[in-house]
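2 protein chains.
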Amino acid sequence: LSSAYSVPRFTSDPLASAFPAQPGPPRRNAWDGVPLNGSPLDDLAAESFLQRSMSMILEEAVKKATDVRQKVCEWRSPEELKELLDLELRDGGESEAQILERCRDAIRYSVKTTHPHFFNQLYAGLEPYSMVASFITDALKPSLYTYEVSPVFTLMEDAVLRKMVQIVGWEEGDGIFNAGGSMSNMYAMNLARYRDFPEIKELGNSAAARLVVFTSQECHYSISKAAALMGIGTKNVFVVPSDKRGKMIPSALEEQIKSAKSEGAVPFIVNATAGTTVLGAFDPIDEIADICEKYKLWLHVDSVMSHLFSSHRANSVAWNPHKMLMACLQCSVFLIRDKTRLLQRCHSARASYLFQQDKFYDLSYDTGDKSVQCSRKPDAFKFWLMWKALGTRELEQRVDRALAIARSVWGNISDFAWLKPLSNFYFILLPLYLQVAPVIKERMMKKGSMMVGYQPHGGKANFFRMVVISPQVSRQDMDFVLDEIHSLGMDL
Amino acid sequence: LSSAYSVPRFTSDPLASAFPAQPGPPRRNAWDGVPLNGSPLDDLAAESFLQRSMSMILEEAVKKATDVRQKVCEWRSPEELKELLDLELRDGGESEAQILERCRDAIRYSVKTTHPHFFNQLYAGLEPYSMVASFITDALKPSLYTYEVSPVFTLMEDAVLRKMVQIVGWEEGDGIFNAGGSMSNMYAMNLARYRDFPEIKELGNSAAARLVVFTSQECHYSISKAAALMGIGTKNVFVVPSDKRGKMIPSALEEQIKSAKSEGAVPFIVNATAGTTVLGAFDPIDEIADICEKYKLWLHVDSVMSHLFSSHRANSVAWNPHKMLMACLQCSVFLIRDKTRLLQRCHSARASYLFQQDKFYDLSYDTGDKSVQCSRKPDAFKFWLMWKALGTRELEQRVDRALAIARSVWGNISDFAWLKPLSNFYFILLPLYLQVAPVIKERMMKKGSMMVGYQPHGGKANFFRMVVISPQVSRQDMDFVLDEIHSLGMDL
Numbered sequence: 002l003s004s005a006y007s008v009p010r011f012t013s014d015p016l017a018s019a020f021p022a023q024p025g026p027p028r029r030n031a032w033d034g035v036p037l038n039g040s041p042l043d044d045l046a047a048e049s050f051l052q053r054s055m056s057m058i059l060e061e062a063v064k065k066a067t068d069v070r071q072k073v074c075e076w077r078s079p080e081e082l083k084e085l086l087d088l089e090l091r092d093g094g095e096s097e098a099q100i101l102e103r104c105r106d107a108i109r110y111s112v113k114t115t116h117p118h119f120f121n122q123l124y125a126g127l128e129p130y131s132m133v134a135s136f137i138t139d140a141l142k143p144s145l146y147t148y149e150v151s152p153v154f155t156l157m158e159d160a161v162l163r164k165m166v167q168i169v170g171w172e173e174g175d176g177i178f179n180a181g182g183s184m185s186n187m188y189a190m191n192l193a194r195y196r197d198f199p200e201i202k203e204l205g206n207s208a209a210a211r212l213v214v215f216t217s218q219e220c221h222y223s224i225s226k227a228a229a230l231m232g233i234g235t236k237n238v239f240v241v242p243s244d245k246r247g248k249m250i251p252s253a254l255e256e257q258i259k260s261a262k263s264e265g266a267v268p269f270i271v272n273a274t275a276g277t278t279v280l281g282a283f284d285p286i287d288e289i290a291d292i293c294e295k296y297k298l299w300l301h302v303d304s305v306m307s308h309l310f311s312s313h314r315a316n317s318v319a320w321n322p323h324k325m326l327m328a329c330l331q332c333s334v335f336l337i338r339d340k341t342r343l344l345q346r347c348h349s350a351r352a353s354y355l356f357q358q359d360k361f362y363d364l365s366y367d368t369g370d371k372s373v374q375c376s377r378k379p380d381a382f383k384f385w386l387m388w389k390a391l392g393t394r395e396l397e398q399r400v401d402r403a404l405a406i407a408r409s410v411w412g413n414i415s416d417f418a419w420l421k422p423l424s425n426f427y428f429i430l431l432p433l434y435l436q437v438a439p440v441i442k443e444r445m446m447k448k449g450s451m452m453v454g455y456q457p458h459g460g461k462a463n464f465f466r467m468v469v470i471s472p473q474v475s476r477q478d479m480d481f482v483l484d485e486i487h488s489l490g491m492d493l
Numbered sequence: 002l003s004s005a006y007s008v009p010r011f012t013s014d015p016l017a018s019a020f021p022a023q024p025g026p027p028r029r030n031a032w033d034g035v036p037l038n039g040s041p042l043d044d045l046a047a048e049s050f051l052q053r054s055m056s057m058i059l060e061e062a063v064k065k066a067t068d069v070r071q072k073v074c075e076w077r078s079p080e081e082l083k084e085l086l087d088l089e090l091r092d093g094g095e096s097e098a099q100i101l102e103r104c105r106d107a108i109r110y111s112v113k114t115t116h117p118h119f120f121n122q123l124y125a126g127l128e129p130y131s132m133v134a135s136f137i138t139d140a141l142k143p144s145l146y147t148y149e150v151s152p153v154f155t156l157m158e159d160a161v162l163r164k165m166v167q168i169v170g171w172e173e174g175d176g177i178f179n180a181g182g183s184m185s186n187m188y189a190m191n192l193a194r195y196r197d198f199p200e201i202k203e204l205g206n207s208a209a210a211r212l213v214v215f216t217s218q219e220c221h222y223s224i225s226k227a228a229a230l231m232g233i234g235t236k237n238v239f240v241v242p243s244d245k246r247g248k249m250i251p252s253a254l255e256e257q258i259k260s261a262k263s264e265g266a267v268p269f270i271v272n273a274t275a276g277t278t279v280l281g282a283f284d285p286i287d288e289i290a291d292i293c294e295k296y297k298l299w300l301h302v303d304s305v306m307s308h309l310f311s312s313h314r315a316n317s318v319a320w321n322p323h324k325m326l327m328a329c330l331q332c333s334v335f336l337i338r339d340k341t342r343l344l345q346r347c348h349s350a351r352a353s354y355l356f357q358q359d360k361f362y363d364l365s366y367d368t369g370d371k372s373v374q375c376s377r378k379p380d381a382f383k384f385w386l387m388w389k390a391l392g393t394r395e396l397e398q399r400v401d402r403a404l405a406i407a408r409s410v411w412g413n414i415s416d417f418a419w420l421k422p423l424s425n426f427y428f429i430l431l432p433l434y435l436q437v438a439p440v441i442k443e444r445m446m447k448k449g450s451m452m453v454g455y456q457p458h459g460g461k462a463n464f465f466r467m468v469v470i471s472p473q474v475s476r477q478d479m480d481f482v483l484d485e486i487h488s489l490g491m492d493l
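If you read the protein sequences in the order shown, they are chains Z and W. Just so you know, our numbering puts 80 at position 79 of the first sequence, and the rest follows in order with no gaps. Just so you know, our numbering puts 329 at position 328 of the second sequence, and the rest follows in order with no gaps.
One should not assume that every hint holds.
It does not matter which identical chain is meant; a pair holds if it fits inside one copy or across any two.
[Claimed, not checked] Only pairs whose alpha carbons sit at most 25 Å apart, straight line, appear in this in silico DMTMM-like list of lysine to aspartate or glutamate:
1) K360 to E81
2) K360 to D492
3) K297 to E395
4) K360 to D484
5) K236 to E200
6) K164 to D87
7) K236 to D197
8) K164 to E102
9) K340 to E89
10) K83 to D359
11) K447 to D159
12) K340 to E80
13) K64 to E95
14) K262 to E200
15) K297 to E173
16) K65 to E294
17) K65 to E97
18) K340 to E294
19) K64 to E48
20) K236 to E203
21) K448 to D359
22) K297 to E256
23) K64 to E97
24) K360 to E80
25) K164 to E81
26) K262 to D287
27) K64 to E203
28) K461 to D359
Just so you know, these hints were derived from the structure itself, not from any lab.
Isolated chain Z (complex conformation):
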């Protein structure tokens, strides 16, 4: 790395000078006893380490991790794993060989979330183009706030956002990639608050009325976390009942809006979920949009899982390409229907050391003030590169394939009298009436054959919640899961 300190540099232009250098004391080679010449890193060692670890990563973290013949996880209890990993940080360092071994162990004992038998979370599979994009940005260390320091990624984010706004179906829009869907939902709430009550940015909520948020009982917990952090309060999140399939009941929403108003509270945003976390349900966006129009409320669609059905009527949308489109974590976008620079106005702080006004390029490319973060990773590049490589059509086909795979389980599930699907969209919910889910889960983890989540829901006992969103899984994988649950639980 940063080698070659003894080699020639850029040569200054040999122009005449109005400010000639004056003879000063000789420049020093050391300061406070610290030698200042050359680099403190051993360049050759670093290069050999990088070569060796790159091969190891490709072999262990990419090829083996996604190989269906390998285990999904190598379970160890926290106590065992602490012992195995030797976590202590010491005064002295370790050799390159030891560090490579530590990397190998980190991979070995990590869960392989890219494995075809991993159905435990709302992401799965490995998209190689997005991984390469991640590697590039890890090495280049860019941060998105000014064009001057991230020219390429600023323009790529802009291009991706424009395309996504088009797909949502808005004529004009804006957006920002951020650190996850929870952040996107928080952005929605903050923009809605700012649109209706811009003075709260300066004066805070203590100077304002009691604002209330509406969302369904099936929504993601980030809505409540956002309300807590933003000084809105979790009790001011009105929970609208959902029907049996998990969809928000529009008439119940309207009742709650009326009831909030009658209490003197001020409704300002409705969060509709397109693909709920547990049941995979879609709130009826059109009916909700009608109600939002009637009461002049901001409509946010938390659509992190999904297509963007009917989202064009929303004021804002949260959408995570790191879910169904398999982009490497994190790749999460917040989109807003707006042409008034609301994102900037709501979040700007105009730091003079970053956003100088006398720059020599178009300042509209300095996007840092759209964000609540300062440093921000160029996650848009992951999505841009895979989109460029695959094209829109292939992205659509992948989603179709994942959905078809999920639906196909309906055809097979009747093999097992004790299993019953509750939903066939993204999630396959397998109720286990004997409350055996935790035992089967423990067995599958210890065997390492697959990972599927379980949970209770409403009045229902624990059931498996199998998230099927990766186009990389096949019918055979789905067969395997059903057979394996059966096999793991058959003595219970």
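The hints should help you fit chain W onto chain Z, whose structure is shown.
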């Protein structure tokens, strides 16, 4: 990738079954017209692409990017660069060769923030171990919320946090890695609010008194952004004057606290900055801590740049290993002196689909409820791996070296009658009385020889603000910068 769908699987245990499989319809190989057998990805192509892009990344984004003989940037205006990058996302995809070329272009036109002549931001240099750790987590796609899905990284984060708490000098503590220093400062404010007024989590600030925050005029802009987002309000951030060197004036702090109280407002937190963004100044933590004790206020130290001088008296600390320790972006930690699980209590939402209570392992390792995010990257791994490889002593030596290099410029700067250092800690501030900074900046960008930021400050005209924090730069690099500024500006 995910290949080998036709090879043997894990075999089920041949136990007797209480729930025998029942004969059902034959399992299908297609659904809704979509074939479901095998993987839709071309595995061999993906592998060859990965091999080729890995070599390219090592060559272009690592070796050449850090080579002092290469340019720091290859400036193009937004319009030119849009043309060059062909940003449009189309229906069809592109060939592997085209995508490799696009990666090469993305690297080529990106700023090389790891180059020894990059002094433009509060991060610099490339730490190879942290980069390898980033690559591993990109490939494995872990997210930190439950032990079951991130066993290795959960334990590593715990180990790093314990060690950092020790270094701060607290007997007990907790913490969390998050998406940047701005988030850490927000965490501090939220925890302080929750400690004093836990009911605000549920009821919001509209049900509470007017809370006020104190910070110096030199603090980072994230304090004000946090106040806006959190419903505190930017006008409730009381700006305490700093002295000429940029340090908060403690007596002014106490006056402002009294004045806030007399207005009926409720002080709850003081933010002290250890290493301010523009002047690199250190607020007098001990005197501020005395005042915080007297008035029972939370003391947060925004120490993202720095050592952790005197921070042991703080209630919380923000610290970014991605700055002086060169960890790849982002590597940012929030630390808190606490033994009451305040982080959990403040941020918990207890989602039943993640944090099941009937798991078969110790649930204290499920740390997701400490965070305001849901998905969270295991950034602690970057720091753990480099710490393990280098040892505490080497980390200390690197910081010493960076400081010595910054200070050494004092010895050379008198060569240039028109340059004058304003600060010698981290930053070298070079006032240019002729307001030529923007012109010189434009010239250095277009030449690509180096990058140094400039800005006005207080009543002062534009000056260069050269951030010297990377131990990878040498005396020669510092000489180069002074000579180059001189050369670029000599006709002005």
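Checked hints:
Taking the shortest Cα distances, K360 and E81 sit within 25 Å of each other only across copies (17 Å), while inside one copy they are farther apart (56 Å). For the homomeric pair K360 and D492, the shortest alpha-carbon distance between copies (20 Å) is at most 25 Å, but the shortest distance inside one copy (72 Å) is not. In the homo-oligomer, the alpha carbons of K297 and E395 never lie at most 25 Å apart, since the shortest distance is 38 Å inside one protomer and 59 Å across protomers. With identical chains, the CA atoms of K360 and D484 are at most 25 Å apart between copies only, with a shortest distance of 23 Å across copies and 64 Å within one.
For the homomeric pair K236 and E200, the shortest alpha-carbon distances inside one copy (23 Å) and between copies (10 Å) are both at most 25 Å. Taking the shortest Cα distances, K164 and D87 sit within 25 Å of each other only across copies (14 Å), while inside one copy they are farther apart (47 Å). For the identical chains of this complex, K236 and D197 are neighbours both inside a copy (20 Å) and across copies (19 Å), given an alpha-carbon limit of 25 Å. For a Cα distance limit of 25 Å, the shortest separation of K164 from E102 across copies, 22 Å, qualifies, whereas the shortest one inside one copy, 43 Å, does not.
Proximity of K340 to E89 under the C-alpha cut-off of 25 Å is restricted to the inter-copy arrangement: shortest distance 21 Å between copies versus 52 Å within a copy. For a Cα distance limit of 25 Å, the shortest separation of K83 from D359 across copies, 23 Å, qualifies, whereas the shortest one inside one copy, 54 Å, does not. Taking the shortest Cα distances, K447 and D159 sit within 25 Å of each other only across copies (23 Å), while inside one copy they are farther apart (45 Å). When the C-alpha separation of K340 and E80 is checked against a cutoff of 25 Å, the pair qualifies only between copies, where the shortest distance is 22 Å, while the shortest distance within a copy is 54 Å.
Within a single copy, K64 and E95 get their C-alpha atoms only as close as 27 Å, which misses the 25 Å cut-off; across copies the closest is 23 Å, which meets it. When the C-alpha separation of K262 and E200 is checked against a cutoff of 25 Å, the pair qualifies both within a copy, at 21 Å, and between copies, at 22 Å. Taking the shortest Cα distances, K297 and E173 sit within 25 Å of each other inside one copy (20 Å), while across copies they are farther apart (49 Å). For a Cα distance limit of 25 Å, the shortest separation of K65 from E294 qualifies neither inside one copy, at 52 Å, nor across copies, at 55 Å.
Taking CA atoms no more than 25 Å apart as the test, K65 paired with E97 passes in both settings, with 23 Å inside one copy and 23 Å between copies. Taking the closest pair of Cα atoms, K340 and E294 come within 25 Å of each other only inside a single copy of the chain (19 Å); across copies the shortest separation is 48 Å, beyond that limit. In the homo-oligomer, the alpha carbons of K64 and E48 lie at most 25 Å apart both inside one protomer (23 Å) and across protomers (8 Å), since each shortest distance falls under that limit. When the C-alpha separation of K236 and E203 is checked against a cutoff of 25 Å, the pair qualifies both within a copy, at 23 Å, and between copies, at 5 Å.
Taking the shortest alpha-carbon separations for K448 and D359, only the inter-copy value of 19 Å comes in at or below 25 Å, while the best intra-copy value is 62 Å. In this assembly of identical chains, the alpha carbons of K297 and E256 lie at most 25 Å apart only when taken from the same copy (15 Å versus 44 Å across copies). With identical chains, the CA atoms of K64 and E97 are at most 25 Å apart both within one copy (23 Å) and between copies (19 Å). Taking CA atoms no more than 25 Å apart as the test, K360 paired with E80 passes between copies only; the shortest distance there is 16 Å, against 56 Å inside one copy.
For the homomeric pair K164 and E81, the shortest alpha-carbon distance between copies (20 Å) is at most 25 Å, but the shortest distance inside one copy (48 Å) is not. In this assembly of identical chains, K262 and D287 lie within 25 Å of each other by CA distance solely inside one copy; the values are 23 Å within and 49 Å between copies. Taking the closest pair of Cα atoms, K64 and E203 never come within 25 Å of each other, the shortest separation being 52 Å inside a single copy and 47 Å across copies. Taking CA atoms no more than 25 Å apart as the test, K461 paired with D359 passes between copies only; the shortest distance there is 15 Å, against 62 Å inside one copy.
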